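Protein chains: 2
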Amino acid sequence: MTAYPDSLARLVESLKQLPGVGSKTAERLAFHLVNLSDDEAMGLARAIRDVKQNLTHCSRCFNFTENDPCPICSDAQRDQSVVCVVETPKDLMAFEKAASFKGVYHCLNGHIAPLEGIEPDDLTIAPLIKRAELGTIKEVILATSPDLEGEGTAVYLRDVLHDVAVRKKIRLTRIARGVPAGAEIENVSSAILTDALSGRQAFDGGR
Amino acid sequence: MTAYPDSLARLVESLKQLPGVGSKTAERLAFHLVNLSDDEAMGLARAIRDVKQNLTHCSRCFNFTENDPCPICSDAQRDQSVVCVVETPKDLMAFEKAASFKGVYHCLNGHIAPLEGIEPDDLTIAPLIKRAELGTIKEVILATSPDLEGEGTAVYLRDVLHDVAVRKKIRLTRIARGVPAGAEIENVSSAILTDALSGRQAFDGGR
Numbered sequence: 001m002t003a004y005p006d007s008l009a010r011l012v013e014s015l016k017q018l019p020g021v022g023s024k025t026a027e028r029l030a031f032h033l034v035n036l037s038d039d040e041a042m043g044l045a046r047a048i049r050d051v052k053q054n055l056t057h058c059s060r061c062f063n064f065t066e067n068d069p070c071p072i073c074s075d076a077q078r079d080q081s082v083v084c085v086v087e088t089p090k091d092l093m094a095f096e097k098a099a100s101f102k103g104v105y106h107c108l109n110g111h112i113a114p115l116e117g118i119e120p121d122d123l124t125i126a127p128l129i130k131r132a133e134l135g136t137i138k139e140v141i142l143a144t145s146p147d148l149e150g151e152g153t154a155v156y157l158r159d160v161l162h163d164v165a166v167r168k169k170i171r172l173t174r175i176a177r178g179v180p181a182g183a184e185i186e187n188v189s190s191a192i193l194t195d196a197l198s199g200r201q202a203f204d205g206g207r
Numbered sequence: 208m209t210a211y212p213d214s215l216a217r218l219v220e221s222l223k224q225l226p227g228v229g230s231k232t233a234e235r236l237a238f239h240l241v242n243l244s245d246d247e248a249m250g251l252a253r254a255i256r257d258v259k260q261n262l263t264h265c266s267r268c269f270n271f272t273e274n275d276p277c278p279i280c281s282d283a284q285r286d287q288s289v290v291c292v293v294e295t296p297k298d299l300m301a302f303e304k305a306a307s308f309k310g311v312y313h314c315l316n317g318h319i320a321p322l323e324g325i326e327p328d329d330l331t332i333a334p335l336i337k338r339a340e341l342g343t344i345k346e347v348i349l350a351t352s353p354d355l356e357g358e359g360t361a362v363y364l365r366d367v368l369h370d371v372a373v374r375k376k377i378r379l380t381r382i383a384r385g386v387p388a389g390a391e392i393e394n395v396s397s398a399i400l401t402d403a404l405s406g407r408q409a410f411d412g413g414r
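Which chain is which? The protein sequence lines are A and B, in order.
Going by the numbering used here, the first residue of the first sequence is number 1, and it counts up by one from there.
Going by the numbering used here, the first residue of the second sequence is number 208, and it counts up by one from there.
Note that these hints are calculated values from the structure, not bench results.
This structure is a prediction, so every number in the text was calculated from the model and none was measured.
The reader is advised that the hints may include incorrect statements.
List of simulated lysine-lysine pairs, PhoX-like, C-alpha gap at most 25 Å [to be verified]: (1) Lys-304/B x Lys-24/A; (2) Lys-97/A x Lys-138/A; (3) Lys-52/A x Lys-231/B; (4) Lys-24/A x Lys-259/B; (5) Lys-24/A x Lys-231/B; (6) Lys-16/A x Lys-304/B; (7) Lys-52/A x Lys-102/A; (8) Lys-297/B x Lys-97/A; (9) Lys-52/A x Lys-223/B; (10) Lys-309/B x Lys-376/B; (11) Lys-16/A x Lys-309/B; (12) Lys-231/B x Lys-97/A; (13) Lys-231/B x Lys-16/A; (14) Lys-90/A x Lys-259/B.
Chain A stretches covered by chain B per the calculated footprint, using a threshold of three residues with CB under 8 Å from any CB of chain B [to be verified]: (15) 8 to 14; (16) 36 to 50; (17) 129 to 139.
Yeah, the Cβ is synthetic: ideal placement off N, Cα and C, and Gly gets one too.
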């Protein structure tokens, strides 16, 4: 059997390392790249190189950034005393898209998952405690995902932040769990309904 | 709303141009690339560059190759008098994987599809006729896909190759249509069964 030319085979192998890309998809992507104009294909190659060369973590919040501190941390318009703790820069972007949060962030860059070998020390928890020690933070919102690892990470953070929170008078909060906006109750899982009931709030129109 | 850093946004945009890659997938791939080691990420960037710099079409069969003529066309072990006409280099590789063909190929680099704006002149049909005119070919196997465009292309090729085939005594053949190996008859579509019946062959054990 005649194999693909070397450079094509190497491209297929490289593409196969991407998440969710198997042999078939890698071949399809490779052929697509081969058929692209030089400009378009080299644009992707350049974009990968640029991202590796230019992108770094913000030394304050650990979000990806090209300038340190990142635009959010250096934005005087934002409330630097409210810190929303998220698992990943993607989660941070989700909050930014919602555009309802005017504080700053702290990216853990993952969640605690001992079974996957992710221990607290692998996350940016120590720098978060250091930030809390500075005494300028009034509230830390734990916004890890409402799943097993996210809840576990939130509980762990609550414990390790407890002392500094008491000393520095920092309010520790957790994002609300409940029925998702736009959902139909009949289609919502029992776990969500249980959350929604146990988290019910006074509804008196502010009176 | 704060957007992604420039280089990250550019990478997401580049990735979105790939087939089957939407916004969500592009973001997922971009974050994966950012988290890869420099070596791995640059490996992909280099692979894309190499493929664009090194890969060309074989001047004889129009398969992708790094050397012209390609390894198949320059292989003295292969029967250069039998030419299997395929739509794409991927189809060629499928035949090579089957390892049951010892002749050479001709890649049309597509199929005739007027509705998509693909006319015969967009394919490598003129060079195929030229190859036939050389007088060294004994058989041309039309191995375009058994779908609407592939059949149409095969019929078109049969017509344009008719004259030279008669003059140069070239046998024109079409790959067999029928039930796919390993299939269970009860699960096979009517179209396939109709093909299988109309293409039935003598089964007398060679007696």
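When the hints from earlier in the document are held up against this structure, which numbers fail?
7, 8, 11, 14 and 17
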